[in-house]
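**Q** What follows is each chain in one-letter form.
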Amino acid sequence: MSIKLTRRAVMATAIAAPALLRTSWALAATELRVMAWQGYADDDWVKEFQETAGITPKVVFIGTDDEIWAKIKGSEGKDFDVFAVNTAQLQRYIDAGLTTPHDLAKLPNQKDVLPRFQDLSKIKGIMRDGKVHAIPFCFDSIGLIYDKAKVTPAPDSFTILWDPKYKGKVLAYDNGEHNFSFTALTLGFADPFHLSAEQMDQVKAKLSELKQNVLSFYTTPDEALQLYKSNDVALIWANYGQQQVKAMTDAGANIGYVNPKEGALAWLDTWAMTSGVQDTDAAEKWVNFLLQKKIGEQLSQRTGFGNTVVETGSANPNDKLVWLEFVEDPTKRSDLWNEIKAQP
Amino acid sequence: MLFVGDRQAKGWRLAISVLAYSLPFIFIVTPLLSFLTYSFFWVEGGQMHYDPTLRNYARFFTDAIFVPVLWQTCLLCLAVAALAALIGYPVAFRLATLSGRRKYVLLMLVLVPLLMSYIIKIYAIRSILGGNGFLNRFLIWANLIDQPLTLFVFNLNAVLLTLTVLLIPFAILPIFLSLERIPRNLIEASVDLGASNWQTFWRIILPLSLPGVVTAASFVFVLAIGDFLTPQMVGGPNGFTFGRIIYSQFGAAFNWPFGAALSVILSLVMAAVIAIGRRFEQRS
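Quick note, the sequences are listed as chains X and S, same order. Using the numbering used here, the letters of the first sequence map in sequence onto residues 296 to 639. Using the numbering used here, the letters of the second sequence map in sequence onto residues 5 to 288.
I should point out that these hints are in silico values taken from the structure, not numbers from a laboratory. It is possible that part of the hints are untrue.
[As the list claims (entries may be wrong)] Residues of chain S clear of chain X, computed beta-carbon distances all greater than 12 Å:
| hint | residue |
| --- | --- |
| 1 | Ser21 |
| 2 | Ala24 |
| 3 | Phe29 |
| 4 | Arg188 |
| 5 | Ser194 |
[What the hints assert, rightly or not] Mimicking SDA-like on lysine to any residue, the simulated pairs with C-alpha atoms at most 25 Å apart in a straight line are:
| hint | chain 1 | residue 1 | chain 2 | residue 2 |
| --- | --- | --- | --- | --- |
| 6 | X | Lys506 | S | Trp75 |
| 7 | X | Lys417 | X | Asn404 |
| 8 | X | Lys627 | S | Thr66 |
| 9 | X | Lys445 | X | Gln507 |
| 10 | X | Lys499 | S | Arg63 |
| 11 | X | Lys524 | S | Lys125 |
| 12 | S | Lys125 | X | Thr514 |
| 13 | X | Lys445 | S | Gln151 |
Think of the CB as a built atom: it goes at the ideal place given N, C-alpha and C, for glycine as much as any other residue.
Let's have the full structure, built from the sequences with the hints guiding it.
**A** Rendered as structure tokens:
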């Protein structure tokens, strides 16, 4: 009885095996598992990629950095082939061995990117041990929004936020980290993300002065717009960059946007391949496809973010952008920010 | 027969009591216990340490900002409670003197703001009080001022005003209920004995309604002191309250144990206020 069953089982497996193998091989060749932010893998791009490359992207959208970590680390890189991640967060994925370096030979479109993104060794965080772990895709800066009628001539530095002329007419984002970073840049410190205790004290004193000029803090772009509409506001440091500019100009505000000359903080999102990528060719084809000028233009049009292939309002070619990194001690910055707010 | 019935009934009663006690235990006591436990852990350099410590509580007393901010917040919320009770009392009194359906219809109308989204109300108040808002435009139109005032917005005054406006319905209800419970015959007796309306009010109605006023005040105080959204949205750079400190520990600071410790301290303050209120109620 048992011998018969076993032989039958072996026969069945032998017959079924090629079919199974062929299906799984077929699936592996035509499917690409993508994890992206909304706006990075629009339906029409996915469709076009499918038609031209014969590969089917299966896209999962996420909403927070923590979600990406939970899904990629949680599956040890095996559940996805390629994911979008910013340069600051990228470090912990490289540290944990969850990425596969790119082969630039497979990314011909990378040669035509904007001058700022040509030399990947200059972009902090992208390379490790001479290997490229991620390809820049889109970015936005944290710049200065100014009311064109109230602020003339056009400002060129965040130092104008401290100008007593605009007392009570400044809006600031309510978060210690960025406030500390850009104040460090205005004070001329070389590394705004790793401040010494003494530098922290200097920045704290300068921020206490800034607080005297601030009308109110905001937390969402919507709130900043509402505050601008119901009060006399001349300057806003824009944590949400172009998103805020778009919302305000849509509402009819006569504003301008400028990246400060001492350097504007900016986030940079990239495409990285996971350690569990099933077909690196397919993944590289996807990234290369998205680096086309046409896609870049559409990305910027639809989301307002800057792209790496075509110039947009996010930054002029000569603007100095300082890509965001993890700060030395987020808890300390938050505590100091509370102390600044608690002072009368 | 009776014996069997009794045992069954006992079984049912046991089941219902277990259910009745377990629901508050699961949904109220357990979360409170969990953040009490959390308050004894600690965070250093982004890493959570699970060995128990009192350092969070020590930090509350030793760091320069926490005690003054808590004190300032308590004073602010006492002012809110007093103001809300003061404004709520005449409204509740008027409602209590009405008769029939009108009373309950108007009571419903007074409570309708509670159905509205809390954040929308704050947005609305912030617009009204703002530089280009309704209040300033009215004052300029009436020639009372010629430049918009920033007195009412983005400072502690704004927090006081906004909290009071938001919490008045919570003050009206307990006062209304205690006024309703005053027996009519006491008032009639007082009038019969020749007291004027003012005397009746001052010597009969007011003292008998005081427990309701104290309840209203402590209710408003507890709601106000835990609030962090109102100070955040209308407090501006200087309207910094204790609730905002707690809120920040669960955000960028990522220091949940410290936030839990501060919450425990705040709960103790609230418990103390409620206890004082109850003592006062019982005495009167």
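**Q** All hints, please: hold or fail.
**A** Verification of the hints:
1. Ser21: 41 Å, holds
2. Ala24: Check passes; 38 Å lies beyond 12 Å.
3. Phe29: 31 Å, holds
4. Arg188: The claim holds: Arg188 (chain S) sits with its nearest Cβ about 49 Å from chain X, beyond 12 Å.
5. Ser194: 50 Å, holds
6. X:Lys506 x S:Trp75: 22 Å, holds
7. X:Lys417 x X:Asn404: 19 Å, holds
8. X:Lys627 x S:Thr66: 16 Å, holds
9. X:Lys445 x X:Gln507: 19 Å, holds
10. X:Lys499 x S:Arg63: Holds, at about 20 Å.
11. X:Lys524 x S:Lys125: Satisfied, since the Cα-Cα distance of roughly 17 Å is no more than 25 Å.
12. S:Lys125 x X:Thr514: Roughly 17 Å separates the two Cα atoms, so the pair holds.
13. X:Lys445 x S:Gln151: 16 Å, holds
In the structure shown, no violation is registered for any of the earlier numbered hints.
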